[in-house]
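Peer 1: Starting from the given sequences, assemble the full structure and let the hints guide the process.
So the sequences go chain by chain: A and B.
Note that the working numbering has the first sequence beginning at 10, numbered continuously upward.
Note that the working numbering has the second sequence beginning at 10, numbered continuously upward.
Everything labelled a hint here was simulated from the structure, so no lab data went into it.
Values in this document were obtained by computation on a predicted structure and should not be read as measured data.
Check each hint, because a few of them may be wrong.
No copy labels: a pair is met if it fits in one copy or bridges any two.
Result set (DMTMM-like, lysine to aspartate or glutamate): computed pairs, CA atoms no more than 25 Å apart in a straight line [claimed, not checked]:
id: 1; residue 1: K70; residue 2: D172
id: 2; residue 1: K218; residue 2: E71
id: 3; residue 1: K197; residue 2: E142
id: 4; residue 1: K218; residue 2: D156
Spelled out from the first residue to the last, the chains are:
2 protein chains.
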Amino acid sequence: MASTLTSSAAKLRKGQKTRQQILDVAADIASAEGLEGLTVGNLAKALGMSKSGLYAHFGSKEDLQLAVVDLARQNFEATVLPPAEETPKGLPRLYTLLLSWADSIDRSTYRGGCFFAAASAEFDGRPGPVRDEIARLTKAWIDLLVDGCKSAKRLKHLKPNADAAQLMFEAHAFVQEANWAKQLLGDKTAFHRAKRSIHDCLERAATAKGKKSLL
Amino acid sequence: MASTLTSSAAKLRKGQKTRQQILDVAADIASAEGLEGLTVGNLAKALGMSKSGLYAHFGSKEDLQLAVVDLARQNFEATVLPPAEETPKGLPRLYTLLLSWADSIDRSTYRGGCFFAAASAEFDGRPGPVRDEIARLTKAWIDLLVDGCKSAKRLKHLKPNADAAQLMFEAHAFVQEANWAKQLLGDKTAFHRAKRSIHDCLERAATAKGKKSLL
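Peer 2: Written out as structure tokens, the structure is:
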């Protein structure tokens, strides 16, 4: 009984590990060739697995796409959020969050750069569950940034007339632009530019108290 | 002889018109489903034409993709540049150029919004002639904006310390962000936000003389 359980647990662990390995390769393919370019066939080839082996993990192409989106969400949460959670609330936390996001994309090992930028450009014209999930996650991220901005206003780190939605429109734009310029034009200064623009846009909206956290 | 020429000219006009009609439909498909989603097969289906009829116009999928990119370039030049050419040099021209670009994307009838944004996200990880052409055209557009900024500095519409490349990084980012937010999140305020941010970023860098052209 014990050995059966051990063996089942080992199989399960092996299964989970394989699923994770599959998803890592799938996310890399999807970042460069698009989620639509991610087929059970070319993924099996990249992994040296059989198609039937893959179907045991993912019932359909859409299941596979949704699993890749979920992996990207997990990676995002594990990379971008922790540095901010360790930083004092208000403007310091918001600034850390934005820089940590920019760094995570700049250091991305995916061939296609930011997974969500590539996926959203690909799926914005394709209605369905994959598009809905990408939009939901992206909207949640922008809402989190706007909430961070409002918290910074309450703590008097940002001026009372600072427009949280407009500020975060700009800060979000700078990081997406840097990803685009680096990926398409090979612009190595792009993330440096984005960070400078983020700093300047927060500084303009900051109070004297808030400015100290941007040094 | 005369009637043969007339008949050949009519055929040529018919051929050219058909090529143009094909490309309009192809660009719409490509904006929503990607240039890679644009195949001779699905384009023939959308047009109610035979595949062989299409191959008479385009020898390969790559030829078709490059022709669609060239059509997008022509549309861009015909829509975005004329309003600026009628505006005085310096900051007025640069500001008109940016607003005219934003409007052209906001009013785009393509399902996928800005053709170049969709195409660059799709092709940044796919080396080859299509990617090279998209990068070349996009780079030329940014260079034109930076040149416009430098001209505005020479005419003392922008302050001597204005950083042309950084300003255009920001302005370009706002328009791309608006396209993204409208397409993915259905954000109807996005282009309004982008224009406000463009105005404010130019105003901060403008001299008293230059500010008059931003009213």
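Peer 1: Looking at the structure, which of the earlier hints fail to hold?
Peer 2: 1 and 2
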